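A.B. asks: The task is simple: from the sequences and hints, build the whole structure.
Given next are the chains, with one letter for each unit.
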Amino acid sequence: MNTHAACSDPPVSSALRWACGSGALDAVLGGGLERGRVHEFYAAETADAAAAKGFVMAVATGISQRRGAVLWLRSRRAITLGGELQASGWAELGGTPGTGLLGTVADTITQLRTAVDALRCPALGAVVVEGWGAMRELDLTATRRLALTAAKSGVPLLLLRIDAEPIPSAAQTRWQVAAAPSHALPGQAPGLPTFDITLLRQRSGPAGFDWRLEWDRDQRKFRETAVSGAVVSVPVGRPVADPGTGSPGPHRRHAA
Amino acid sequence: MRIQEPDRPVRTAGTPPETPLVFVAKSKGALVLRAVDRHAQNQGIAPGLTLADARARQPDLLVAEMDDAADRHWLERLARHCTGWSPLVTAVPPDGITLDIAGSDHLFGGEAGLSAQVGEGFAAIGMTVRLAIAASAEAAQALVRHAPPCHALLPIAHEDEAVRALPIAALGLAEDAALALRRAGLKTVGDVAARPAASIAARFGMDAVTALRRLTGEAATPLPALAQPVPLHFKRRFAEPIAHQAAIAAVFLELLNEAAQTLEQRGLGGKRFALALFRSDGARHRLDIETGLPTPDPAVVLRLFDERIAALADPLDPGFGYDSITLFLAAAEPLAASQPALDGTQADASALAELIDRLSTRLGPASLCQLVPQDSHIPEQAQLALPAIHSRAPIRWPQPAAGEPPLRPLFLFDPPQPVEVIAQVPDGPPHRFRWRRKLHEVRLYEGPERIAAEWWGLPMSQNAEGQITAKGGLTRDYYRIEDVRGRRFWIFRHGLYHEKPTPGWYLHGMFA
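Chains as they are written, first to last, in this note's numbering: chain A, 215 to 470; chain B, 63 to 574.
To be clear, the hints were calculated from the coordinates, so they are not data collected in a lab.
Predicted model, so just to flag it, every value in this text is computed and none were measured.
Backbone N, C-alpha and C define an ideal beta-carbon position, used for all residues, glycine too.
Where hints are given, some of them may not hold.
What the hints assert, rightly or not - For each label pair, taking beta carbons as the anchor points, the in silico distance ranges come out as:
(1) GLY401/A / GLN443/B: 23 to 33 Å
(2) ALA361/B / ASP424/A: 43 to 53 Å
(3) THR355/A / ALA361/B: 22 to 32 Å
(4) GLU379/A / GLY344/B: 53 to 63 Å
(5) GLN327/B / ILE323/A: 38 to 48 Å
(6) SER412/B / ARG350/A: 29 to 39 Å
(7) LEU315/B / GLU379/A: 43 to 53 Å
(8) ASP424/A / ALA336/B: 49 to 59 Å
(9) ALA361/B / ARG358/A: 23 to 33 Å
(10) ARG499/B / GLU379/A: 15 to 25 Å
(11) THR355/A / GLN486/B: 51 to 61 Å
(12) ALA361/B / ARG350/A: 32 to 42 Å
(13) LEU295/A / GLN327/B: 31 to 41 Å
(14) ARG350/A / HIS493/B: 35 to 45 Å
What the hints assert, rightly or not - A partial selection of chain B residues facing chain A, derived with a Cβ cut-off under 7 Å:
(15) GLY181
(16) GLU182
(17) PRO471
Stated by the list, open to error - Okay, the calculated bits of chain A under chain B, using three or more residues with CB under 8 Å as the criterion:
(18) 269 to 279
(19) 309 to 323
(20) 356 to 362
(21) 395 to 404
(22) 426 to 433
C.D. replies: Take a look at the structure:
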């Protein structure tokens, strides 16, 4: 059934791909992240929620090319758990909060219905659905409907899942996102946003790669900061830190 | 009230601001000055001169053509603006407005208070006005046009005297009649009024007497009020209450089409629609929808009403049927002319506006927001989420400096979440902290960024050492922090050590 579905996929109307900036990643994706598709992003842990949201915001900024508005849909629960979206932080990631839209919904059904309607509007640059917990309503049928609508209008849907396990879906790509230590700036200041991402699944394409990416807001591109594949990701149960945690040295696996 | 229009739109950036500006119109084959600005007046150029004469006196003139239609339109807009002071307002072309202030002046502090307010109101929009108050509309207009400026605001007692001192031109007669009066040696209104009315009528015509009687307040003319727009109200009453869904839908569609026709005739688009359903047992339902841009299209409105009905907590119950249905347009605006660009950007903009309308109707206007900057450095007050349906202009957010890491978090907690912090020195940055029962080891930090309370908004007090502190608002020291796992936080210490003995630590935001 899946193969059949893949064959009958309508071609993306604006056949555009956004090259994310990292050569290896773009090569795996066949030239970049496709517009007019559903892309899923799973936060590795609940504590990685902020990193996942930041990563999705960066992707939305890049894939919308700063032309169309970005619609971010979240539930009231997401605001309680994850805080309120800040336009200043949005601008700090290179986005255009002035044109952005922020939708607050009561439940998942409304969120998905709103997302379908929004995807029909070609004026949008990207639609982001921020979901917390297992969304039972978001099954294969629902994602398939979203994917078809997205393909018709060419608007990408970024589906962000926090505190959730991957389930079968009609998404084009599925990613896992975790926070990663940044390159320290002079004076031991935290550096650019850095993420550890894993391509869990790609429709009709290779998957299972790890990258460590840094978001360059001025170029609106990702930059690879470690050799792809060759690096082990941060072990989850790692004992935290030696006393001299002020120094960046021991934790920078990617030291040049 | 007499108005001089602002001369801003004619001036371009290149000309010096002191260049005299004149407005000309063609009269008997010559270009004649019809209106001049202050600088031209100062140089002795007055309306009535031909343009050639004016150029001879002052070669450096800025000439614009008179646009009577635009002036009339502007005067009408100003007259509507005046309805705030009195309900009965008339525009007197080319440059006058009459307000019937009987019974409304006391609301603004009497005649003097009202005149001051009107003067200020017009000065604020860049207009120069001359004001006069008199017993009749004609007298007020004549005083404002022909009396010397010092006579503009008179006590009632002197009004009659002032009117009598006006020149013959104040009667507003045809040119030959005025000339005849002047040739007969009658120079002022008072001269004419002193003669018997019968002889004036015999020699100079009935018009002269009528004008005189109006000016002296002996005969009153009704003041034509400004035309008020007819409310857009569409109603159906039924002999038998209707309860069938299909019948109600049909009537509603009929009302919408009727409204669309009227809107089209007037060149308007509806912005706020209300549908009132009157049930036969007296219950009344009201549904409101709103669009961001004015729309003339009944299909769009119908879709929005469908959204609205679908979003109702309890569905509409026709009960024994509705005996009347009313569609009311609470707000309608002129449709802006639109021309789609070649790349279809116009279509995009209207598609987005339609989406905003639909989602705002479904989720409620407050649930679809745009973020608007606020002039505050307190992080949680730096933005305001305004309903997207109400804000149309693109909002500008300051762009961060290139090459810097993000200095403001993407998400803020409201309220900030308390954390347990261990710092190496009391005034120093956190060393490790516990948030949501998890210990985070600090790897990198930057700070403090000190954000003080807004002292101007808070009562002040002096503490024991004599330092002035803002009461209730403590200074916050913000640190940008990254833990060993690479998670980035925004943490602040609430209060300096001299403000508070044991300041608490809070996690305020999360970076990407």
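A.B. asks: So which hints don't hold here, by number, going up?
C.D. replies: 13, 15, 16 and 20
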